[in-house]
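Given only the sequences and the hints, what does the whole structure look like? Please build it.
In terms of the UniProt record's numbering, the sequence shown opens at residue 1 and continues consecutively.
It is worth saying that the hints were derived from the structure and are not from the lab.
Some clues are possibly wrong.
As the list claims (entries may be wrong) - In silico lysine-lysine, DSS-like type, Cα no more than 27 angstroms apart, as pairs:
| no. | residue 1 | residue 2 |
| --- | --- | --- |
| 1 | LYS174 | LYS97 |
| 2 | LYS32 | LYS108 |
| 3 | LYS90 | LYS79 |
| 4 | LYS765 | LYS710 |
| 5 | LYS84 | LYS97 |
| 6 | LYS353 | LYS760 |
| 7 | LYS325 | LYS815 |
| 8 | LYS710 | LYS618 |
| 9 | LYS353 | LYS753 |
| 10 | LYS356 | LYS710 |
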Amino acid sequence: HQSPVPRGRASVVARSAEPPRVADLSKYTGGKDLDQAARRFQLGLEQGFEESELLALELGVSNLDLLPEAQRKYTDKIKEKLTKRAAEMKAEEEELKARMSRNLNLGKRAYEFGEYTESVKCLEQAVRDTGEDTALGGEAQLWLGLAYQACAREKDAIDLYAYIEATHPNRKVKKQAADLRYILEAPKLEISPDERVQIPLIQSDTWRQKERTSYAPKFLRPTAPPSKKKQSYWDRVPMEAPDPLAMLPDKWYVRIAFGVMLAVATVYINLKIGTSQRDDVWKFGRLNFRANFCSANLADVVPGPSDNEFILFTRKDCLGTENEKATRTWFYFSVSGHSSSELVLMTIMNLNKQGKLYSQDYRPVWWSASQTDWQPLRLKVTYRREGEDFQLRFCHRFESAEETLFAFAVPFSYRQTQDMLDRLDHQLRDFTTIPPWPGVPEARDAAAEAAHTAPAERPASRGSHSGPASTSGRPSPTAQHSSPESARIYYRRQLLALSLEGRRVDVLTITDCSGSSGRGDTEGVFEHDPGPPAEAFRGKQVFFVTSRVHPGESPATHMFNGMLAFLLRRNDPRAAALRRRFVFKLVPLVNPDGVAAGNYRTDTLGQNLNRFYTAPEKVVLSCASRAAWGGVAASWAWRSAFVEMTGSALGHDGARDSGPLPPLCRLSLISLRPRLDVQPTVYAIKALLMGYARQGLLYYYLDLHAHANKKGVFIYGNTLEDGEAHLQSLLYAKLVALNSSVFDFTGCNYTEKNMSRADKDGASKEGAGRVALYRETGLPHLYTVEANYNTARVLGVVSPASGEHGGRASPPCNKRFPPRFTTSILQGVGRAVLVAALDMEGLNPWSRLLNCEYRSLEGVRSWLLSVLKASPETRAAHLPPISELVVECLRGKMASGALRLTSSLT
Numbered sequence: 001h002q003s004p005v006p007r008g009r010a011s012v013v014a015r016s017a018e019p020p021r022v023a024d025l026s027k028y029t030g031g032k033d034l035d036q037a038a039r040r041f042q043l044g045l046e047q048g049f050e051e052s053e054l055l056a057l058e059l060g061v062s063n064l065d066l067l068p069e070a071q072r073k074y075t076d077k078i079k080e081k082l083t084k085r086a087a088e089m090k091a092e093e094e095e096l097k098a099r100m101s102r103n104l105n106l107g108k109r110a111y112e113f114g115e116y117t118e119s120v121k122c123l124e125q126a127v128r129d130t131g132e133d134t135a136l137g138g139e140a141q142l143w144l145g146l147a148y149q150a151c152a153r154e155k156d157a158i159d160l161y162a163y164i165e166a167t168h169p170n171r172k173v174k175k176q177a178a179d180l181r182y183i184l185e186a187p188k189l190e191i192s193p194d195e196r197v198q199i200p201l202i203q204s205d206t207w208r209q210k211e212r213t214s215y216a217p218k219f220l221r222p223t224a225p226p227s228k229k230k231q232s233y234w235d236r237v238p239m240e241a242p243d244p245l246a247m248l249p250d251k252w253y254v255r256i257a258f259g260v261m262l263a264v265a266t267v268y269i270n271l272k273i274g275t276s277q278r279d280d281v282w283k284f285g286r287l288n289f290r291a292n293f294c295s296a297n298l299a300d301v302v303p304g305p306s307d308n309e310f311i312l313f314t315r316k317d318c319l320g321t322e323n324e325k326a327t328r329t330w331f332y333f334s335v336s337g338h339s340s341s342e343l344v345l346m347t348i349m350n351l352n353k354q355g356k357l358y359s360q361d362y363r364p365v366w367w368s369a370s371q372t373d374w375q376p377l378r379l380k381v382t383y384r385r386e387g388e389d390f391q392l393r394f395c396h397r398f399e400s401a402e403e404t405l406f407a408f409a410v411p412f413s414y415r416q417t418q419d420m421l422d423r424l425d426h427q428l429r430d431f432t433t434i435p436p437w438p439g440v441p442e443a444r445d446a447a448a449e450a451a452h453t454a455p456a457e458r459p460a461s462r463g464s465h466s467g468p469a470s471t472s473g474r475p476s477p478t479a480q481h482s483s484p485e486s487a488r489i490y491y492r493r494q495l496l497a498l499s500l501e502g503r504r505v506d507v508l509t510i511t512d513c514s515g516s517s518g519r520g521d522t523e524g525v526f527e528h529d530p531g532p533p534a535e536a537f538r539g540k541q542v543f544f545v546t547s548r549v550h551p552g553e554s555p556a557t558h559m560f561n562g563m564l565a566f567l568l569r570r571n572d573p574r575a576a577a578l579r580r581r582f583v584f585k586l587v588p589l590v591n592p593d594g595v596a597a598g599n600y601r602t603d604t605l606g607q608n609l610n611r612f613y614t615a616p617e618k619v620v621l622s623c624a625s626r627a628a629w630g631g632v633a634a635s636w637a638w639r640s641a642f643v644e645m646t647g648s649a650l651g652h653d654g655a656r657d658s659g660p661l662p663p664l665c666r667l668s669l670i671s672l673r674p675r676l677d678v679q680p681t682v683y684a685i686k687a688l689l690m691g692y693a694r695q696g697l698l699y700y701y702l703d704l705h706a707h708a709n710k711k712g713v714f715i716y717g718n719t720l721e722d723g724e725a726h727l728q729s730l731l732y733a734k735l736v737a738l739n740s741s742v743f744d745f746t747g748c749n750y751t752e753k754n755m756s757r758a759d760k761d762g763a764s765k766e767g768a769g770r771v772a773l774y775r776e777t778g779l780p781h782l783y784t785v786e787a788n789y790n791t792a793r794v795l796g797v798v799s800p801a802s803g804e805h806g807g808r809a810s811p812p813c814n815k816r817f818p819p820r821f822t823t824s825i826l827q828g829v830g831r832a833v834l835v836a837a838l839d840m841e842g843l844n845p846w847s848r849l850l851n852c853e854y855r856s857l858e859g860v861r862s863w864l865l866s867v868l869k870a871s872p873e874t875r876a877a878h879l880p881p882i883s884e885l886v887v888e889c890l891r892g893k894m895a896s897g898a899l900r901l902t903s904s905l906t
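Structure (structure tokens):
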């Protein structure tokens with residue numbers, strides 16, 4: 001009889017030497033003996049024995065050298081066979097264990113869902129698989145007893161519990177069985193048939209589905225979140241509803257009277273029910289989830305597997321309408337009712353895939369009243385794909401009991417924008433007119449300060465021109481202005497258009513008072529603005545900036561705010577030089593409806609407005625419809641004023657949410673709008689741009705965006721037919737990189753393919769602002785500025801600023817690695833974009849060019865020409881993607897000497 005594997009090495013050492021003997025090798029050919037030997041061999045390895053020792057013990061000798069020479073050569077084969085069989089048996093055990101667990105889990109799931117008959121079948125199979133005496137078998141038998149009881153088989157359940165109590169080796173299992181048997185055998189009250197209550201079983205087969213390693217069971221992840229309120233008749237009115245005005249008698253006075261009545265009724269409904277908050281509030285014990293404020297986005301919340309875990313669903317763009325889109329990246333909501341240091345886990349189940357963004361350790365942001373600014377989540381998020389959905393899981397420990405807001409990126413809502421502009425209107429109310437302006441000494445002092453800090457004449461510097469370029473139709477950037485009034489800031493806010501839901505699309509005009517012509521700068525564009533037109537300025541060209549055509553791209557607003565704050569500086573000579581050279585036209589929100597609704601990419605009709613610049617459509621109304629439209633818009637303005645007075649619909653930072661239009665307003669707009677494919681905001685912006693282009697005034701057009709996949713800040717430019725113009729476009733992008741460490745010059749794109757590429761929905765970039773304007777005007781400085789939500793790809797070198805700035809110019813970046821983008825970094829990018837335009841003109845009093853490796857504007861230009869002459873590999877390493885036809889054109893002009901070292905486009 002063969003001895004088992006010893007428990008220690010002492011038995012091996014204590015064995016006395018044995019004479020050579022012949023071992024029985026027949027048992028290693030297969031069968032039960034091989035399985036036992038393989039199990040002993042594997043157990044010995046796990047206990048730390050050497051293979052040679054175990055093999056010798058299996059062969060019945062103390063040392064392998066004691067075997068005859070003829071058998072010794074088979075030891076390696078026996079060892080290989082034992083190892084292989086041990087691995088096979090281990091895999092079989094794992095598979096058996098998984099099968100046993102699967103049947104047990106299926107039985108438990110079926111029991112939880114009320115499928116008690118199916119639960120009995122699965123649990124009985126689990127008992128057969130696991131065996132009655134194992135711990136897993138004991139658990140299966142306990143669940144089987146519960147299933148018997150649910151199927152009215154109480155006697156079988158009692159017998160099973162008694163059998164477990166008598167035979168099972170596990171004391172814990174035996175005690176549970178005894179407790180359950182005691183409960184079943186306890187006396188029960190007699191209940192008459194009339195007193196019984198029939199509860200229907202929950203019929204569901206979701207327990208049959210394959211178990212997933214997800215954050216919540218399948219039954220906690222509904223594919224379509226349920227609506228929280230009953231749909232009213234007005235919500236069910238289709239957008240193609242017939243025009244009520246068409247059913248009236250064809251008399252102008254009847255139609256006007258109907259419009260007035262509709263406006264009065266709208267005012268009444270607004271004041272009665274329009275100020276009530278939306279029903280986007282979910283309560284779970286003490287915790288309240290809320291998404292009923294401006295720019296919020298949350299469709300539904302359900303409790304998760306644990307008490308502090310919640311399953312969230314975002315709202316698609318235009319959810320529940322015929323214009324519903326698949327975009328669902330933006331989320332913005334608040335949580336209240338928690339205590340300090342409380343931990344909550346949240347899983348957002350139905351986002352668009354953004355694995356590239358979150359793989360770079362991007363984290364959503366949070367804010368509470370005790371925080372000075374939005375902060376990224378402290379803990380790293382996790383994510384996974386589940387079919388077409390992207391699931392994001394994060395946890396947060398509350399630092400106070402205050403209401404806490406969470407968002408995909410640092411938000412800036414429509415109401416926050418309006419509040420900011422209202423504050424600017426109040427602070428700059430004395431700077432909206434042209435001198436003389438008697439009785440305003442504060443403005444005179446401010447203008448004198450600005451004139452004192454602004455350079456009267458640009459000093460000649462190393463490597464720069466001694467004077468301006470003399471070109472026809474272009475002003476002299478170094479014109480002298482002796483009076484302080486000429487350097488005074490001119491600021492004007494105008495209503496450019498009303499959105500489809502009646503929200504404001506504002507345009508800001510910022511410059512100085514020099515060159516005022518005393519007349520309006522545009523005719524017939526500002527039809528909604530009640531005030532006089534903005535001043536026109538001789539000798540100045542227009543620098544036009546738009547932002548947030550895609551509502552979820554909030555980094556665009558932070559860049560915009562940086563530009564706006566920089567232009568309004570009264571003690572910065574760079575800002576003064578910019579105001580003297582350009583007239584800035586700034587549109588903070590191109591898509592106010594989408595921003596207010598919490599959409600990510602579209603407006604409330606599901607339109608990507610950045611694909612309609614080729615031929616945008618405006619709202620065309622009849623005379624009577626105009627009267628009704630005016631009544632609706634006026635009533636909405638009155639409702640906003642009522643909200644301001646009453647303080648209802650309070651949102652983040654005191655920003656009151658004007659919200660979407662109430663039902664009667666929506667019906668009014670439906671009845672007055674004859675077409676569904678209209679883009680009044682884009683139509684008004686393009687009309688203004690083309691008006692300036694026809695006058696020869698439009699010089700720069702920048703459309704600010706955000707990018708989720710590509711790191712850094714970069715520019716999308718056009719492929720220009722003129723080689724000199726294309727060189728100037730490259731030069732501008734390089735100057736931005738010299739003023740901002742996070743700007744990626746090689747990440748820019750000037751290819752023809754990027755001008756005509758189609759989106760996933762088939763819309764072409766030919767309809768984008770920069771491309772459509774270039775096709776119609778041929779202007780060179782038309783750009784899309786993109787900023788990543790997270791961080792930069794590389795960190796560039798920014799040299800110190802020259803001149804006596806006293807530390808007011810941003811110091812060079814001293815970081816070794818790209819930082820995580822914050823609002824201040826994005827605002828700095830906005831300043832760099834403006835300062836680069838000043839460097840292009842050679843008018844920057846605090847230029848960084850003198851201290852950089854190129855030493856001057858001509859040095860940067862010469863570097864670009866030298867790289868263009870180099871090999872394709874060198875160009876790819878130092879320049880952004882450019883069309884090969886443009887490269888050949890530039891190289892041909894360099895060879896012929898047609899390209900000159902000039903700092904401005906002639």
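Do the hints match the structure? See the list:
no., hint, verdict
1, LYS174 to LYS97, "holds, 22 angstroms"
2, LYS32 to LYS108, "violated, 36 angstroms"
3, LYS90 to LYS79, "holds, 17 angstroms"
4, LYS765 to LYS710, "holds, 18 angstroms"
5, LYS84 to LYS97, "holds, 20 angstroms"
6, LYS353 to LYS760, "holds, 14 angstroms"
7, LYS325 to LYS815, "violated, 41 angstroms"
8, LYS710 to LYS618, "violated, 34 angstroms"
9, LYS353 to LYS753, "holds, 25 angstroms"
10, LYS356 to LYS710, "holds, 9 angstroms"
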